[in-house]
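Novice: Sequence:
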Amino acid sequence: MAAMTSADHPRPTHTGRPYEELVAEAVAAPTDGWDFSWFDGRATEQRPTWGYARLLGERLGRVHSALDLDTGGGEVLNLAPKLPPLMAATEGWPPNVAKATRLLGPRGVVVVASASDAPLPFADDAFDLVTARHPVKAPFPEIARVLRPGGTYFAQHVGPSSVFELVEHFVGPQPQEVRNGRDPQIERAEAEAAGLEIVDLRAERLRIEFYDIGAVVHFLRKVVWMVPGFTAEAYEPQLRALHERMEKEGPFVAHSTRHLIEARKPLT
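Numbering (the working numbering), first residue to last: 1 to 268.
The set of hints was computed from the structure by calculation and includes no laboratory data. Where hints are given, some of them may not hold.
[Unchecked claim] FRET-style restraints, in silico, Cβ to Cβ:
{"hint": "1", "residue 1": "Ala113", "residue 2": "Glu190", "range": "23 to 31 Å"}
{"hint": "2", "residue 1": "Gly250", "residue 2": "Ile198", "range": "19 to 27 Å"}
{"hint": "3", "residue 1": "Ile198", "residue 2": "Ala123", "range": "43 to 51 Å"}
{"hint": "4", "residue 1": "Ala118", "residue 2": "Asn180", "range": "32 to 40 Å"}
{"hint": "5", "residue 1": "Ala98", "residue 2": "Lys137", "range": "19 to 27 Å"}
{"hint": "6", "residue 1": "Gly181", "residue 2": "Gly51", "range": "20 to 28 Å"}
{"hint": "7", "residue 1": "Asn180", "residue 2": "Pro121", "range": "27 to 35 Å"}
{"hint": "8", "residue 1": "Ala53", "residue 2": "Pro228", "range": "24 to 32 Å"}
{"hint": "9", "residue 1": "Leu55", "residue 2": "Pro237", "range": "37 to 45 Å"}
{"hint": "10", "residue 1": "Ala113", "residue 2": "Ser37", "range": "24 to 32 Å"}
{"hint": "11", "residue 1": "Arg62", "residue 2": "Glu168", "range": "17 to 25 Å"}
{"hint": "12", "residue 1": "Ala98", "residue 2": "Gln185", "range": "34 to 42 Å"}
We put the CB at the ideal spot given by N, CA and C, even for glycine.
Make the full structure from the sequences, and use the hints.
Specialist: Here is the structure:
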């Protein structure tokens with residue numbers, strides 16, 4: 001999931017509009033790529049303090065070869081001022097593959113259609129750097145395989161119970177094992193089991209505010225794994241109840257969790 005509008009963006013103008021109008025507008029909005037500009041004035045999300053895009057750009061400018069996993073529409077990778085001579089990216093959703101190819105192709109990036117749970121379609125020891133921003137799941141054994149000795153995995157991951165205030169409004173309380181998924185310490189252990197050495201691991205909990213029900217609908221249509229099978233029709237009772245609550249009480253507040261992880265493949 002990409003970040004929505006930063007928390008210091010001007011507050012909304014969409015409250016007070018009819019439920020049907022807000023939902024219809026959100027249902028009609030396109031959901032391809034990881035451009036979250038549709039949320040401007042409708043939702044905000046705090047940014048992690050470490051500034052992933054800036055750190056990513058610095059690292060990409062220092063290597064000869066790199067691979068970006070689950071690149072979405074390529075928007076984050078495209079922010080890098082300089083890309084290495086050999087730059088590849090993977091993406092599993094066809095609309096995003098097409099969008100990333102259009103955006104990144106002119107910069108010499110090879111975009112490969114590859115499901116997130118499939119083996120990486122690259123040779124052993126192929127890359128100096130592997131990166132990912134919010135991968136579906138980090139395939140640490142495959143990451144270790146395609147990294148050259150001394151190479152680095154650098155990523156920002158979604159953490160445990162992210163935006164679960166919203167998830168549980170629609171699907172009810174989740175069991176503890178689900179809430180604990182994506183725990184950074186579990187991912188540390190998985191990376192180490194794959195033979196990687198952890199260089200840095202930081203985690204933060206960040207405030208999200210949704211200002212109108214259209215923002216909620218668009219978010220759940222775009223970030224499809226939050227409420228699998230979500231449609232505005234299927235979840236109309238929950239949406240209407242939340243709309244009425246937001247009209248009376250103001251923004252719906254949730255919290256995302258993020259962690260920065262950097263791991264190195266040993267030289268020997």
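Novice: If a hint holds in the structure, say so; if it doesn't, say that too.
Specialist: Tested hints:
The hinted range of 23 to 31 Å is satisfied by Ala113 and Glu190, whose Cβ atoms lie roughly 25 Å apart. Range check, Gly250 to Ile198: Cβ separation about 41 Å, and the 19 to 27 Å hint is violated. Range check, Ile198 to Ala123: Cβ separation about 25 Å, and the 43 to 51 Å hint is violated. Distance hint check for Ala118 and Asn180: the Cβ-Cβ separation is about 26 Å, which falls outside the suggested range of 32 to 40 Å.
Distance hint for Ala98 and Lys137: a CB-CB separation of about 23 Å, consistent with the stated range 19 to 27 Å. Take Gly181 and Gly51: their Cβ atoms lie about 26 Å apart, and the range 20 to 28 Å holds. Checked against the hint of 27 to 35 Å, the C-beta distance between Asn180 and Pro121 comes to roughly 32 Å, which is consistent with it. The beta-carbon spacing between Ala53 and Pro228, approximately 29 Å, falls within the hinted interval of 24 to 32 Å.
Restraint check, Leu55 to Pro237: a C-beta distance of roughly 43 Å satisfies the suggested window 37 to 45 Å. Taking 24 to 32 Å as the suggested C-beta distance range, the pair Ala113 and Ser37 conforms, at roughly 25 Å. Take Arg62 and Glu168: their Cβ atoms lie about 42 Å apart, and the range 17 to 25 Å is violated. Restraint check, Ala98 to Gln185: a C-beta distance of roughly 37 Å satisfies the suggested window 34 to 42 Å.
In this structure, the earlier hints numbered 2, 3, 4 and 11 are contradicted, and the remaining ones agree with it.
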